[in-house]
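Participant: Residues per chain are reported as follows:
2 protein chains.
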Amino acid sequence: MNDLSGKIAPGPFHHVGTRPVRPDGVEKVTGKAVFGPDFSVAGMLYGAILRSPHAHARIRGIDTRKAAALPGVKAVVTGADFPDLESLTVSAGESSGDIIHISRTCMAHEKVLYDGHAVAAVAATSARIAQEALALIAVDYEVLPHVLDPEAAMRDDAPLLHDGIFTKGIEPAPERPSNVPMKVALARGDAAAALAGAAAVAAGRYTTEFVHQGYIEPHVCVASWNADGQAQIWASSQGHFSIRALTASVLGMAQADIRVHPLEIGGGFGGKTGIYLEPVAMLLSRKAGRPVRLAMSRGEVFRATGPAPGAVIELRIGAAADGTLVGAEIDFIYNAGAYPGNTAHSGLICALGHYRLANARITGWEVLTNRPAVKAYRAPGAPQVNFAVESALDDLATQLGIDPIALRLKNAVIPGDAQPTGVPFGQIGYVECLEAARAHPHWSAPLGPNQGRGLAGGLWRSHGGPSTGEVGLAEDGTGLVAAGSPDIGGSRASMAIMAAETLGVPYEQVRVTIADTHSIGYSMVTGGSRTTFATGKAVIEAAEQVIATLRQRAAAMWNVAADTVEWRDGTAIRADGERLSIGQIAAKAAFSGGPIAASVGLNAAGYLPGFAVHICDVEVDPETGHVGVLRYTAVQDVGRAIHPAYVEGQLQGGAAQGIGWALNEAYAYDAQGRMENAGFLDYRMPVASDLPMIDTVMVEVPNPAHPYGVKGVGEAPIVPPLAAVANAVRAATGKRLPDLPLTPDRVHAAVHG
Amino acid sequence: MNDLSGKIAPGPFHHVGTRPVRPDGVEKVTGKAVFGPDFSVAGMLYGAILRSPHAHARIRGIDTRKAAALPGVKAVVTGADFPDLESLTVSAGESSGDIIHISRTCMAHEKVLYDGHAVAAVAATSARIAQEALALIAVDYEVLPHVLDPEAAMRDDAPLLHDGIFTKGIEPAPERPSNVPMKVALARGDAAAALAGAAAVAAGRYTTEFVHQGYIEPHVCVASWNADGQAQIWASSQGHFSIRALTASVLGMAQADIRVHPLEIGGGFGGKTGIYLEPVAMLLSRKAGRPVRLAMSRGEVFRATGPAPGAVIELRIGAAADGTLVGAEIDFIYNAGAYPGNTAHSGLICALGHYRLANARITGWEVLTNRPAVKAYRAPGAPQVNFAVESALDDLATQLGIDPIALRLKNAVIPGDAQPTGVPFGQIGYVECLEAARAHPHWSAPLGPNQGRGLAGGLWRSHGGPSTGEVGLAEDGTGLVAAGSPDIGGSRASMAIMAAETLGVPYEQVRVTIADTHSIGYSMVTGGSRTTFATGKAVIEAAEQVIATLRQRAAAMWNVAADTVEWRDGTAIRADGERLSIGQIAAKAAFSGGPIAASVGLNAAGYLPGFAVHICDVEVDPETGHVGVLRYTAVQDVGRAIHPAYVEGQLQGGAAQGIGWALNEAYAYDAQGRMENAGFLDYRMPVASDLPMIDTVMVEVPNPAHPYGVKGVGEAPIVPPLAAVANAVRAATGKRLPDLPLTPDRVHAAVHG
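Line by line, the protein sequences give chains L and V.
Numbered per the numbering used here, the first sequence spans residues 1 to 753.
Numbered per the numbering used here, the second sequence spans residues 1 to 753.
Be aware that a few hints might be false.
Since the list can't tell identical chains apart, any single copy or any two copies may satisfy a pair.
[What the hints assert, rightly or not] The list that follows gives simulated cross-link-like pairs (lysine to any residue, SDA-like), each with its CA atoms no further than 25 Å apart: (1) K28 - Q230; (2) K588 - D98; (3) K287 - D38; (4) K28 - F39; (5) K588 - N603; (6) K588 - N342; (7) K588 - V423; (8) K287 - E508; (9) K28 - T125; (10) K28 - G267; (11) K410 - E700; (12) K66 - V423; (13) K410 - T624.
Simulated from the structure, these hints should not be mistaken for lab results.
Build out the structure end to end from the sequences listed, making use of the hints.
Facilitator: Dropping the structure here:
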């Protein structure tokens, strides 16, 4: 099944493409689903974390004696309780980095690097006592100069966050440490010459701000670490296997000694692929001898988890008179916050990946500042550069008098074109998306005064990777699927559909469980738009193994050869037409040949990038500068939509988040480097009343490397909105606003400037 | 691996036979292990059950209106809420019976059949309100005559419990219903003629009482049944797959719709193989729309769960002058309580199964009375008949002047002898046990006045059956085993030992999880002395599949053929001696070939019966009739002891329970049929101060059908104690006391009578 040979099921399908009831829907709408804060165990303590009020400071000492003496306090932990670690790059799915940095993100040792950096933690018999205890901890800080702006942080005289970071990717290797962990570069052809000969060149400097994923549920975990070294963690995350691997690395434990149970997750979007609380809760639990729950407030989530990098992008893109792109030069800086995050690579790949372009030079820098370390946020690294590129393409179309879709169609990559990595594209559907956008009524609908329409395209690389899927049968023949990938965007439904389709049974007869780390084989995080593709492949292959077993068992019951038994519509069929249902075979199975179940682990190859084209209509209020989104259409090549309602939800959700990034969202800091808007009242995400219904168009160009044609769909829809909105504002105002977010004050100033 | 061809590992072993720290030991002694009463979920309600105060009554009506109106009460359930069922024999591991009877055991419908029979249940926001609500339920009973004694229940004029039970196993089939569900019989040779020609005949009528398993933890479950039909149950039991199957059958649900999570279990001994609370908690949860916990008190456990049958046994056994057994006639009645329990079959098989005997006739009857329906209790059905047979053998030895061990050795079954079923015995070790007993210093130690020594042998059939085992590797190469059999007697340790032995890694690197019903394939109950054998075979086979994968992955890393790579000591070894550790291979595995894990489901064949020989010394106080146990030695063929400390614990525990059965324990009823001693103060189980340290001798005659030679060990040790104690009392007093328990009043009367 892990082959790429194009044996895609042709259909018609019984379940694939239908919209059955969500298996977790009732639990969630009735409040019974167990999210992190709902979970408790007997004897549990309540933890709390003391956080730095300074953006940059040396910790001269921490006096926890008064806190420890407070009645009800059972444990106090500081950075000194963390084991010393050797610098080592660890990778756990999408979450990778130096293990020392991962440890320090959980709790500062010598220095605090941002407002909100954890410095100590307590566990107590009540949440109130834990908060009281925090107030009794005295931290002796030596406040240091701080830097928030990435360009300032690159200067030689900038405050230095780390002693040991030397820029990678430059020759000769630097002798002095800096705030610049990495330079990345990509070049083909002669971009400078091509630009010099271009008929039109669009140039600009664009900026985007730190923005947060804004998942509804804050980070929570419960940890129980026994005196014999074995531990259990209950947490909501995008990958309980990542929690296991990272926590084991930070604490120097064997992975088998940490069993991680997945709880329901109230949104992640990439921000829940790493760890913040788990090692702290573990250390508190070991000291206290009891389980400990740690839960973040909304303020802690903003101040101390991982937003998306802010960016500065300078670029020049040139085209021939007919719209053919001839050359591009892009320089970008990604502000990664306090620790390196390998943020720049995706920018490199996604900036121009959707266009054929013979001459290009792209240079990216990752820069550290006194902000929380960034984390993946839906298509991490792609929206920022895409915003600049798709804005510039719009400017080129204007300059050349070419329709924006026609310009993009002229240059859009097609199957066989080289990716930025050099590998040719497979069965991608960018052209199909552009054509669908052009054919959509939205594209030709009339506009009123102060209104404008913008369009942008974009891609996300997607991913495959390792997953395990199990399929088994209960004694009554109903089906059980276990997966190791948390269900964030509907994987229980999609796994049930794919398993039911493969087995030939009703959807309601297949129930899907997200199994803990010790009950199923390794599965990478739910992220990278990989789960329906990769975990789906594992589940389908396991279902096929179950069918093979069912045919053998039926053959044994009939006393015929297994290869004379067909499997169709959930039924074994003998050569003479005699049938045995899945229930009839299962009823006899355990006590004859043994229980029927199959486990398949694979490293799913053959994933394909996702392409999206968004159309946005805005109305700009010239009085206030307010930008209202009037109409929005998200077009995407989704491969094949297993459960279309969930796919539409992904397209709508990505668009909504991208619109927030474009119009409203930004981290705001005061002069001391303290975050000023660490809450949903002040950090302004779009709410339902801010947005129109987002229309969706699912273009289906099936992926031949997946039995049902699946491509990743979750991330591409956040790539185009930044430019789609900005292009619409330019159309409405005639002004190119290169700095996000497009807040009323900025728009008002541009309109009246 | 499921072959019986004798490919038993020869040793020496690294782990098998060692006594490492128990993986669940620290959790249990520190109170962190999550047993039923420790478990709660958010929004949970507290349930309580109203129980019949009558031994036998018709329910004319139940008025629950006042209870339902009590503030805080969220649901009330009676028998009318249970679905109508068609009579159907269901089997879920060891627990089988008519589904209507299983349903009625959970809650009475038309009639109550015993004191404590459930008649209604409530769920409320607190346990106090739930109890208050019970007091507001008015049940209109028509009290009926009741019967407690099995011989009385067999009479034509006995109160009839059920209208529809007609004795099976008699010809012609009876036309009238009765309280006798079943007659079983077995005959070979001519027993009457052989007895007529015997040199000595021992005859007697023996009785045993209802006794309870006395597990420390009462039954508890939490159930959550959603509006969409899906449910979760958390329960401590001997088999969460049985809970799933039985609850689904009682409620008419698909098994895939009930996910059952195993909690730690505080003892079961056969009594936790069925269901009592789960369907009630489910119905309360569905009505209330919230999760519901139901927990029994100790009194409820005694009155309303399944003790072991009481018995009446009449027998005659004859021997030649040299001690050769020549013939036997046995008639026994098992008192099964309120519902049929298929109790008699084991009595038939185990009565004389340990001796060669050409002429035998055994007839058994199962009889119903107004007591709770019996359930499996450690070697179910064997101790009662064994008590009579081994008492009679002792009498024969006395009559003939032959040493009791010599008499038994002369007649003991050996490999190749026919079992009562006709199938020849495999590699059994009864002779070895008898010889070990004879060689033990206990057998020849001197005795004082009023002291006596008794000996008895016995067998238990053991079982194999379906189990699933999973073995996987974390990214650091540590090992993860998942099993579907609850760990009652140390299966986490034994699975870890067998997996570590097979993989060639340290014991501490393998952690074992008991997975829920939806995370692993079907596994039969932990019972029948089957788990180390059957689940062990599945785990070993899964470990061997993992080794095969590791060799393939190492071969791929070296670019050599997999069959040139050896696996030894947890290391892949190339032909030239180059090595790759399990950790080195695992670190690369997921992202190259995919996660490494294997799932094996099998129906384990090749189990062998267990044989035990016990020696008991007592001192009888002639003043009071008190019997004190001075010394006790349990000898058993254990096949091969994977973790000897746990095996010794099984031998000691079985002996302790058997001593209680012999000396103290019995259900006591008043004239209205109400249980008078439903609590540990009045139902007198042996405590530590009642018993000497039980000495153990593990005889190892390995089972060739298991890779490490495993035989079941958990049940055989409860078979001989009844007769061993009674024979010791006879030796001390010169009196044969045929009625258990040997309470001081009975012993005093016999000594002075």
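Participant: Does each hint fit the structure? Answer for all of them.
Facilitator: To see whether the hints hold, each was checked on the structure:
no. : hint        : result
1   : K28 - Q230  : between (32 Å within a copy, 13 Å between copies)
2   : K588 - D98  : between (53 Å within a copy, 18 Å between copies)
3   : K287 - D38  : both (24 Å within a copy, 22 Å between copies)
4   : K28 - F39   : both (15 Å within a copy, 21 Å between copies)
5   : K588 - N603 : between (34 Å within a copy, 11 Å between copies)
6   : K588 - N342 : between (54 Å within a copy, 21 Å between copies)
7   : K588 - V423 : between (50 Å within a copy, 23 Å between copies)
8   : K287 - E508 : between (46 Å within a copy, 22 Å between copies)
9   : K28 - T125  : between (29 Å within a copy, 21 Å between copies)
10  : K28 - G267  : within (13 Å within a copy, 35 Å between copies)
11  : K410 - E700 : within (21 Å within a copy, 81 Å between copies)
12  : K66 - V423  : neither (61 Å within a copy, 75 Å between copies)
13  : K410 - T624 : neither (38 Å within a copy, 107 Å between copies)
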